[in-house]
Each structure stands twice: as structure tokens, then as C-alpha cells.
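Novice: Given next are the chains, with one letter for each unit.
Protein chains: 2
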Amino acid sequence: MANLIPLTFSLSRIENLMHQVTFDPLKMEGDIITNTSMVDLKMLQPTLRIFRDVMESGLSVSPYLKVETLGSWAKIYSACSITVSGVLLKAKVPVRPKGGGVVEVIDRQPVRFTDMLMYWATTIDPIDVLISQELTSVLEMMRTGSGRILGNLQEAPMLAVERIEERLEILAEAGFSGVLDMGEPNMNVLGVSVERDHVGLSLVGGTNIVAAAMSSGIRIDTESISGLTDIREMTHIEDLL
Amino acid sequence: MANLIPLTFSLSRIENLMHQVTFDPLKMEGDIITNTSMVDLKMLQPTLRIFRDVMESGLSVSPYLKVETLGSWAKIYSACSITVSGVLLKAKVPVRPKGGGVVEVIDRQPVRFTDMLMYWATTIDPIDVLISQELTSVLEMMRTGSGRILGNLQEAPMLAVERIEERLEILAEAGFSGVLDMGEPNMNVLGVSVERDHVGLSLVGGTNIVAAAMSSGIRIDTESISGLTDIREMTHIEDLL
Numbered sequence: 001m002a003n004l005i006p007l008t009f010s011l012s013r014i015e016n017l018m019h020q021v022t023f024d025p026l027k028m029e030g031d032i033i034t035n036t037s038m039v040d041l042k043m044l045q046p047t048l049r050i051f052r053d054v055m056e057s058g059l060s061v062s063p064y065l066k067v068e069t070l071g072s073w074a075k076i077y078s079a080c081s082i083t084v085s086g087v088l089l090k091a092k093v094p095v096r097p098k099g100g101g102v103v104e105v106i107d108r109q110p111v112r113f114t115d116m117l118m119y120w121a122t123t124i125d126p127i128d129v130l131i132s133q134e135l136t137s138v139l140e141m142m143r144t145g146s147g148r149i150l151g152n153l154q155e156a157p158m159l160a161v162e163r164i165e166e167r168l169e170i171l172a173e174a175g176f177s178g179v180l181d182m183g184e185p186n187m188n189v190l191g192v193s194v195e196r197d198h199v200g201l202s203l204v205g206g207t208n209i210v211a212a213a214m215s216s217g218i219r220i221d222t223e224s225i226s227g228l229t230d231i232r233e234m235t236h237i238e239d240l241l
Numbered sequence: 242m243a244n245l246i247p248l249t250f251s252l253s254r255i256e257n258l259m260h261q262v263t264f265d266p267l268k269m270e271g272d273i274i275t276n277t278s279m280v281d282l283k284m285l286q287p288t289l290r291i292f293r294d295v296m297e298s299g300l301s302v303s304p305y306l307k308v309e310t311l312g313s314w315a316k317i318y319s320a321c322s323i324t325v326s327g328v329l330l331k332a333k334v335p336v337r338p339k340g341g342g343v344v345e346v347i348d349r350q351p352v353r354f355t356d357m358l359m360y361w362a363t364t365i366d367p368i369d370v371l372i373s374q375e376l377t378s379v380l381e382m383m384r385t386g387s388g389r390i391l392g393n394l395q396e397a398p399m400l401a402v403e404r405i406e407e408r409l410e411i412l413a414e415a416g417f418s419g420v421l422d423m424g425e426p427n428m429n430v431l432g433v434s435v436e437r438d439h440v441g442l443s444l445v446g447g448t449n450i451v452a453a454a455m456s457s458g459i460r461i462d463t464e465s466i467s468g469l470t471d472i473r474e475m476t477h478i479e480d481l482l
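As given, the protein sequences belong to chains A and B, one line each in that order. Taking my numbering, the leading residue of the first sequence gets 1, the next gets one more, and so forth. Taking my numbering, the leading residue of the second sequence gets 242, the next gets one more, and so forth.
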């Protein structure tokens with residue numbers, strides 16, 4: 001029974017990264033949390049075109065990417081929605097990521113979570129799980145207005161609502177968006193309850209771009225919430241196409 | 242915001258099934274909880290041979306299977322380890338399934354959980370998640386004595402230890418086994434802590450047979466903890482080969 005390494009649940013990895021976010025949306029500098037995807041270099045442009053379509057549909061967190069070439073592979077860093085939590089934390093909002101899930105959208109309205117995994121109770125990232133279970137229909141949602149996309153749920157004290165709204169506005173001006181729903185205090189968000197005197201904030205999953213590429217038949221390998229990237233090293237997608 | 246169907250977490254599905262277990266290991270009658278696998282009929286015999294090898298290595302719950310033919314497919318019902326929890330519940334042990342995970346085995350000794358998903362915090366069955374993430378090495382474990390297998394963790398009040406041990410013995414005589422570890426009261430089990438004044442009981446995942454078949458290259462589609470099957474409709478694997 002030697003070497004008892006404790007299990008690392010997803011929440012502790014997330015909190016480690018949130019704590020390291022230095023992103024300042026006004027100055028457009030500092031580190032954001034990113035997902036990493038690997039794709040065959042030959043497929044980079046088709047992949048980026050799908051990414052752009054998803055971004056224009058409002059199903060991603062930000063249009064900024066960093067692309068590295070490794071032999072015949074392209075490594076793409078894209079914004080993770082937990083970046084928003086990191087920015088809120090920097091503004092002294094004790095925001096707590098609850099879980100990642102699948103959100104049903106009907107006529108462009110997010111309606112409810114159909115699946116969810118709580119971050120503190122899984123060692124495997126919920127979004128990695130949900131992508132591999134092929135439960136989403138991001139392209140269909142973009143085409144018809146109805147479908148299933150990746151999203152997450154965060155929770156914060158209701159007293160922080162004003163501060164949260166102010167930060168979300170600044171983030172939006174900097175091109176960081178993706179709020180699916182923000183509940184009233186004590187009210188369910190997309191069918192999931194929140195703690196008393198708290199508000200729930202649901203954000204689109206940054207990996208919707210990946211889910212869309214996968215369902216277009218592109219082989220793409222992604223690790224979500226995988227590290228930090230300096231926003232100054234990232235480029236607007238329009239300048240990559 | 243119509244039609245707010247609450248999320249069904251894995252634990253509630255499990256408890257529904259545990260409640261319906263009528264299995265009596267002394268009389269060998271009643272319903273057990275089963276996993277369902279679909280495999281091409283042509284691959285049934287190779288699949289069953291792998292299943293038998295895994296069963297003989299002690300990495301499954303029971304050697305009893307039910308096989309149905311549906312056109313060119315074989316549908317295989319195999320015992321799920323939650324059956325054991327159902328039998329304990331029938332004996333008035335308030336047993337609580339905590340989570341499913343991956344257990345590292347070194348020199349045929351289960352050492353620790355390397356991954357875990359808590360049943361009450363995921364809507365997708367942990368074992369289905371772990372199988373699709375390809376984190377196990379059941380065949381390697383059988384060959385070398387070291388590797389990663391599927392397992393779960395249950396918790397029960399320490400006062401029930403005697404009753405649990407008595408039931409486990411009766412189950413073992415009926416061919417239902419697969420205890421990886423049973424902790425001392427208040428002690429960690431394979432690195433995962435239990436509630437105060439409780440004992441942890443770790444059982445092998447019934448789907449190790451499926452993980453082994455998959456890593457042998459057999460295409461097999463499984464839904465774990467999927468239903469109930471009458472033990473009298475099931476056949477010992479030796480009579481199927």
C-alpha cells in the first residue's frame with residue numbers, strides 16, 4: 001500500500017489555473033486559461049474555418065487562438081471559459097465552478113442541462129468526458145437553432161452580482177463572451193439548483209469549436225483546461241485564415 | 242423554460258435498481274443487476290473466450306451470462322457488481338455506492354484508485370466514461386499481474402461489517418465474488434477516504450470483461466448497470482463455450 005498519491009479531482013486542477021489567471025481585459029494583457037487541440041497540419045485551415053463559424057454563432061469564449069506547428073501537426077490553443085471565472089476571482093468574486101455539462105438549446109434559447117458532471121467529484125474533466133460520449137450537436141444547433149452544446153455552471157454569492165455584471169461587460173468588450181444564462185438569486189439555472197443566496201452563471205464551453213470540428217469528420221485531439229497562454233501571443237481568428 | 246426535467250444522476254438510477262434486486266444466492270433465484278453488451282454474432286465465441294479468461298482471473302463479478310440472438314447480433318447480459326450492493330441492502334445493510342473508478346494493481350495487489358467519478362455527481366455512468374477513455378489495461382494485468390482495472394467503491398456503517406462479511410461469503414459460494422478491498426472502519430480504501438464510522442468496500446467492475454474484449458480489438462458496445470435479469474435465465478460461461 002505504498003505511494004498513496006491522492007486523487008486529483010477536476011475542481012482542484014481548475015482552481016490551480018484560476019488562481020494563475022493574470023488576464024486584464026482592458027489592457028489586453030496577461031495569461032488566460034486555454035484548451036489545447038492537435039490537428040494534422042493539412043487540416044488546419046478547414047479546422048479554423050469551422051472554428052470561425054462556431055465563434056460567429058456565439059458558441060465559443062473568444063476569437064483569439066495561438067497556433068504552433070510541430071512537424072506535421074498543428075497545436076491550437078483556444079480560450080477556455082474558466083478564464084471568465086479567473087477574471088471574476090481577480091475581482092474578488094468567490095466564484096465556484098460547479099460542473100460541466102450538455103445544454104439543450106431550442107430556437108436559439110438555452111433551455112436546460114441534459115447531462116452534467118460535477119467538477120469536485122470527477123478526476124476526468126467533464127468536457128473531455130462529454131466530447132468523447134458524442135452527446136453534442138453543435139453544427140445542427142448552428143444550422144437549425146436547436147441542438148445540444150457544451151456548457152458549464154458556476155456559482156457566486158448573490159451580493160457579487162453587480163461586480164460580476166461589470167466584469168462580464170468589460171470581458172465582452174475585449175471579445176470574451178459566452179454567457180448562456182445568469183440566474184436570479186436562489187433560482188435554478190438551466191434546471192440546476194444553486195446554493196442559497198447564490199447566483200448561477202452558465203457559460204458556453206470553449207470546446208464547442210472542437211465538438212463542431214469532430215462532427216465534421218476532422219480528427220482532432222483535445223485536452224481541455226490544460227494550461228495558461230499569454231493573450232499577447234494569441235491572434236484573432238480572422239488573421240489566421 | 243418549459244419542460245424542466247430534472248437531471249438523473251447515476252446514483253439515483255443505481256438505487257432504483259438496487260431496490261429491485263431479489264437475488265437469493267442460497268436458492269440461486271431472483272433478479273440480479275446486469276450490464277448489456279452487443280457484439281457481432283460472428284464474434285460471440287472469441288468474445289466469450291476472453292470473458293472466461295477475465296472471469297478466471299477473478300476480475301469479474303460472476304461467471305453467469307445470458308445470451309440472446311438478435312439478427313446478426315448477440316446481446317450479452319453480464320453481472321454488475323452493484324448486484325452485491327443490492328444483496329447487502331436486502332440484508333438491511335444501508336450500503337451506499339460512492340463511485341466508479343480505475344484501480345491500479347501491482348503484482349496482483351490492488352493498490353489505489355487512479356481515477357474516480359462519484360455516482361451522485363454525474364449523469365453519465367462512471368464505468369461508461371472510464372471505458373470510453375481507454376484508461377484500463379485489463380489484459381496486461383492478467384498477463385503480468387500489474388495493470389489498471391475497473392472497480393467501484395461502496396460505503397456502509399461499521400456496525401454492519403459482520404453482516405457484510407457473512408453475505409459476501411454466501412455470495413462467493415454462489416459464484417459471486419470480486420472484492421478488491423474491504424477497509425478497516427474509518428480507514429481509506431485504495432486511497433479514497435470514507436465517512437466516519439463507516440467501512441469502504443471496493444468491488445471489481447463487472448465490465449472488466451468488456452474492457453478486455455475491447456482491448457483485444459473486438460467491437461463491443463456496452464451499457465453498464467442497464468437492467469435486471471433473472472439468474473435462472475443465465476448460464477455458466479463454461480456451458481456457453
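Honestly, the hints are just simulated from the structure, not real lab data. We treat Cβ as the ideally placed atom computed from N, Cα and C, and that holds for glycine. Careful, some of the hints might be misleading.
[Claimed, not checked] Derived DEER-like restraints, expressed as beta-carbon distance ranges:
hint: 1; chain 1: A; residue 1: 165; chain 2: B; residue 2: 464; range: 42 to 52 Å
hint: 2; chain 1: A; residue 1: 145; chain 2: B; residue 2: 406; range: 26 to 36 Å
hint: 3; chain 1: B; residue 1: 348; chain 2: A; residue 2: 170; range: 36 to 46 Å
hint: 4; chain 1: B; residue 1: 269; chain 2: A; residue 2: 216; range: 48 to 58 Å
hint: 5; chain 1: B; residue 1: 375; chain 2: A; residue 2: 20; range: 28 to 38 Å
hint: 6; chain 1: B; residue 1: 464; chain 2: A; residue 2: 70; range: 36 to 46 Å
hint: 7; chain 1: B; residue 1: 407; chain 2: A; residue 2: 161; range: 52 to 62 Å
hint: 8; chain 1: B; residue 1: 436; chain 2: A; residue 2: 217; range: 40 to 50 Å
hint: 9; chain 1: B; residue 1: 260; chain 2: A; residue 2: 215; range: 36 to 46 Å
hint: 10; chain 1: B; residue 1: 287; chain 2: A; residue 2: 70; range: 30 to 40 Å
hint: 11; chain 1: B; residue 1: 249; chain 2: A; residue 2: 20; range: 34 to 44 Å
[Said to hold, decoys possible] Residues of chain B clear of chain A, computed beta-carbon distances all greater than 12 Å:
hint: 12; residue: 248
hint: 13; residue: 251
hint: 14; residue: 261
hint: 15; residue: 270
hint: 16; residue: 271
hint: 17; residue: 272
hint: 18; residue: 283
hint: 19; residue: 285
hint: 20; residue: 340
hint: 21; residue: 342
hint: 22; residue: 381
hint: 23; residue: 386
hint: 24; residue: 399
hint: 25; residue: 436
Novice: It remains to establish, for every hint, whether it holds in the given structure.
Specialist: Cross-check of the supplied hints:
no.: 1; hint: 165/A to 464/B: 42 to 52 Å; result: holds, 43 Å
no.: 2; hint: 145/A to 406/B: 26 to 36 Å; result: violated, 58 Å
no.: 3; hint: 348/B to 170/A: 36 to 46 Å; result: violated, 57 Å
no.: 4; hint: 269/B to 216/A: 48 to 58 Å; result: holds, 52 Å
no.: 5; hint: 375/B to 20/A: 28 to 38 Å; result: holds, 30 Å
no.: 6; hint: 464/B to 70/A: 36 to 46 Å; result: holds, 38 Å
no.: 7; hint: 407/B to 161/A: 52 to 62 Å; result: holds, 56 Å
no.: 8; hint: 436/B to 217/A: 40 to 50 Å; result: holds, 47 Å
no.: 9; hint: 260/B to 215/A: 36 to 46 Å; result: holds, 38 Å
no.: 10; hint: 287/B to 70/A: 30 to 40 Å; result: holds, 39 Å
no.: 11; hint: 249/B to 20/A: 34 to 44 Å; result: holds, 36 Å
no.: 12; hint: 248; result: violated, 6 Å
no.: 13; hint: 251; result: violated, 10 Å
no.: 14; hint: 261; result: holds, 24 Å
no.: 15; hint: 270; result: holds, 36 Å
no.: 16; hint: 271; result: holds, 32 Å
no.: 17; hint: 272; result: holds, 28 Å
no.: 18; hint: 283; result: holds, 26 Å
no.: 19; hint: 285; result: holds, 26 Å
no.: 20; hint: 340; result: violated, 7 Å
no.: 21; hint: 342; result: violated, 8 Å
no.: 22; hint: 381; result: holds, 19 Å
no.: 23; hint: 386; result: holds, 16 Å
no.: 24; hint: 399; result: holds, 20 Å
no.: 25; hint: 436; result: holds, 15 Å
Consistency with the previously given hints fails for numbers 2, 3, 12, 13, 20, 21, ordered from lowest to highest.
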